[in-house]
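Chains A and B are the protein sequences, given in the same order. The first sequence maps to residues 49 to 157 in my numbering. The second sequence maps to residues 121 to 234 in my numbering.
Keep in mind that the hints are not guaranteed to be accurate.
[What the hints assert, rightly or not] Short, incomplete list of chain A residues facing chain B, as computed with Cβ under 7 Å:
1. G64
2. G141
3. Y145
4. F147
5. T149
6. K154
For the record, the hints were derived by calculation from the structure and aren't laboratory data. Predicted model, so just to flag it, every value in this text is computed and none were measured. Heads up, the beta-carbon is just placed ideally off N, CA and C, and yes, glycines get one too.
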Amino acid sequence: GIQVEQSPPDLILQEGANSTLRCNFSDSVNNLQWFHQNPWGQLINLFYIPSGTKQNGRLSATTVATERYSLLYISSSQTTDSGVYFCAVSTSGTYKYIFGTGTRLKVLA
Amino acid sequence: SAVISQKPSRDICQRGTSLTIQCQVDSQVTMMFWYRQQPGQSLTLIATANQGSEATYESGFVIDKFPISRPNLTFSTLTVSNMSPEDSSIYLCSVEVTGPETQYFGPGTRLLVL
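Looking at chain A on its own, in the form it has when it is part of the complex (with noise of 0.2 Å):
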């Protein structure tokens, strides 16, 4: 089956910093998200983005689905995006979404 790995693992910043979290994987794939699980569980849906560049406030993603990687930046980063992120893909035919490693970032006051 399709391996969605992502890197970093662990990640810690400032508070203010940059980061770009990146996602591969090693098949083509019909849809991708970006999800945010904060301290407490709750997953929360960041992006859809089977390719091309979005943009929400500080975040933004871009997928490269030829090349097989998608990427997520954060931007002036605050103490509240502490939590792990992951991304996770479909494929053509199917319906479930594998999910990725994820990568824990830990964002210091």
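Based on these hints, arrange chain B on the given structure of chain A.
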């Protein structure tokens, strides 16, 4: 979008017992999904539940251990049967909203088995 609630939010159970987790959605959806997240790990899909049909289980998960009900388009239950400490996890339900095919998650049920 969709608003999803789960009950209970957390529980501590003794080994050998069973726990049923409820998932309620604020709108009618065709597909509901159950995931397990073991401590410090990513999410793993347990099964897909469609109303009016048997749930479809992923490799490594069986109906006897994780029976699922889907009586209508807004509700589902997952039972964790004959629990052992290895079942200690967060269990999450999710739904798929089309246009585009986006998944939304409930708050999760934190289960600790002693």
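Structure-based check of all given hints:
1. A hinted interface residue such as A:G64 counts as satisfied when its beta carbon comes closer than 7 Å to some beta carbon of chain B; here the least separation is about 28 Å, so the hint is violated.
2. Violation of the interface hint for A:G141 is found here, the shortest Cβ-Cβ separation to chain B being roughly 12 Å, above the 7 Å cut-off.
3. Restraint check, A:Y145 versus chain B: the minimum CB separation of about 6 Å is within 7 Å; hint holds.
4. Using the Cβ-Cβ criterion of 7 Å, the hint placing A:F147 at the interface with chain B is satisfied: the shortest such distance is roughly 4 Å.
5. Because the beta carbon of A:T149 sits about 6 Å from the nearest beta carbon in chain B, less than 7 Å, this interface hint is met.
6. For A:K154, the interface hint is violated, since its Cβ never comes within 7 Å of a Cβ in chain B; the closest pair sits about 14 Å apart.
Figure legend: structure checked against the earlier numbered hints; hints not met, in rising order: 1, 2, 6.
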